[in-house]
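> Read off the chains here:
Number of protein chains: 2
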Amino acid sequence: MILKPKFHIFVCASSRLTGEQKGMCMTKGTVRIVNEFISEFQEREIEDDVMITTMGCLGICGKGPVVIIYPEGIWYGKVTPDDVEEIVESHIEKGKVVERLLI
Amino acid sequence: MILKPKFHIFVCASSRLTGEQKGMCMTKGTVRIVNEFISEFQEREIEDDVMITTMGCLGICGKGPVVIIYPEGIWYGKVTPDDVEEIVESHIEKGKVVERLLI
Numbered sequence: 010m011i012l013k014p015k016f017h018i019f020v021c022a023s024s025r026l027t028g029e030q031k032g033m034c035m036t037k038g039t040v041r042i043v044n045e046f047i048s049e050f051q052e053r054e055i056e057d058d059v060m061i062t063t064m065g066c067l068g069i070c071g072k073g074p075v076v077i078i079y080p081e082g083i084w085y086g087k088v089t090p091d092d093v094e095e096i097v098e099s100h101i102e103k104g105k106v107v108e109r110l111l112i
Numbered sequence: 010m011i012l013k014p015k016f017h018i019f020v021c022a023s024s025r026l027t028g029e030q031k032g033m034c035m036t037k038g039t040v041r042i043v044n045e046f047i048s049e050f051q052e053r054e055i056e057d058d059v060m061i062t063t064m065g066c067l068g069i070c071g072k073g074p075v076v077i078i079y080p081e082g083i084w085y086g087k088v089t090p091d092d093v094e095e096i097v098e099s100h101i102e103k104g105k106v107v108e109r110l111l112i
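Sequences listed follow chains L and E, in order. In this text, residue positions in the first sequence follow this note's numbering: the first is 10, and each later residue adds one. In this text, residue positions in the second sequence follow this note's numbering: the first is 10, and each later residue adds one.
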């Protein structure tokens with residue numbers, strides 16, 4: 010557990026405030042996306058710089074699964090587990106936004 | 010729904026990846042905290058600058074309820090609904106971190 014990581018990645022898990030998972034992202038791969046990020050962090054040994062947290066429904070289900078990376082405030086949409094490697098390599102490691110996934 | 014708000018406030022809602030609400034924050038006022046933020050935004054007419062989203066369990070339940078504000082990456086702990094007015098007035102409106110709540 011790192012407080013105040015260099016990058017904080019939020020992945021939509023479709024939760025409403027009540028806890029009910031009602032949105033779409035969760036049905037479209039959230040768990041696989043999160044696990045893929047964790048694998049990439051471990052493989053690249055960058056666990057100390059990154060943190061991944063799920064977030065509640067943003068109300069833009071048509072653009073999901075949504076991934077937001079802070080502190081940059083970059084919003085990615087329709088992210089698949091296969092996109093994760095590119096996000097980590099390009100955005101996190103090289104500081105280059107993945108244009109094709111931008112919302 | 011504002012994409013890329015000036016301030017993005019995350020409030021822990023204790024969800025695990027499975028959706029199960031297992032942590033502590035939710036039992037210590039998350040829903041009231043979120044509602045209080047929304048009231049403050051409306052009252053101060055700053056809804057266009059701020060966004061509030063719940064987030065999954067951070068694993069630091071003893072410091073909960075946890076509120077994180079990006080892009081600054083400021084982490085507040087043991088936040089109560091009564092603290093929300095000060096966070097909005099000081100941090101969001103005046104750019105002054107609320108030191109007493111820092112984790």
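Don't take each hint at face value.
If chains are identical, the list can't say which one is meant, so a pair holds when it fits in one copy or spans any two.
Calculated lysine-lysine pairs in the DSS-like style (CA-CA distance at most 27 Å, straight line) [to be verified]:
{"id": "1", "residue 1": "103", "residue 2": "31"}
{"id": "2", "residue 1": "105", "residue 2": "31"}
{"id": "3", "residue 1": "13", "residue 2": "31"}
{"id": "4", "residue 1": "13", "residue 2": "103"}
{"id": "5", "residue 1": "72", "residue 2": "37"}
{"id": "6", "residue 1": "15", "residue 2": "72"}
{"id": "7", "residue 1": "105", "residue 2": "72"}
{"id": "8", "residue 1": "15", "residue 2": "105"}
{"id": "9", "residue 1": "72", "residue 2": "87"}
Derived by calculation from the structure, the hints in this document are not laboratory data. Since the structure is predicted, the reported quantities are computational estimates derived from the model, not experimental observations.
> Decide, hint by hint, whether the structure agrees.
Comparing the hints with the structure gives:
Within a single copy, residue 103 and residue 31 get their C-alpha atoms no closer than 35 Å, and across copies no closer than 36 Å, so neither meets the 27 Å cut-off. Taking the shortest alpha-carbon separations for residue 105 and residue 31, neither the intra-copy value of 33 Å nor the inter-copy value of 36 Å comes in at or below 27 Å. Proximity of residue 13 and residue 31 under a CA criterion of 27 Å is satisfied inter-copy only: 23 Å between copies versus 30 Å inside one chain copy. When the C-alpha separation of residue 13 and residue 103 is checked against a cutoff of 27 Å, the pair qualifies both within a copy, at 20 Å, and between copies, at 22 Å.
In the homo-oligomer, the alpha carbons of residue 72 and residue 37 lie at most 27 Å apart inside one protomer (11 Å), although the nearest pairing across protomers, at 32 Å, exceeds that limit. Taking CA atoms no more than 27 Å apart as the test, residue 15 paired with residue 72 passes in both settings, with 26 Å inside one copy and 21 Å between copies. Taking CA atoms no more than 27 Å apart as the test, residue 105 paired with residue 72 passes inside one copy only; the shortest distance there is 21 Å, against 34 Å between copies. For the homomeric pair residue 15 and residue 105, the shortest alpha-carbon distances inside one copy (15 Å) and between copies (22 Å) are both at most 27 Å.
Proximity of residue 72 to residue 87 under the C-alpha cut-off of 27 Å is restricted to the intra-copy arrangement: shortest distance 5 Å within a copy versus 33 Å between copies.
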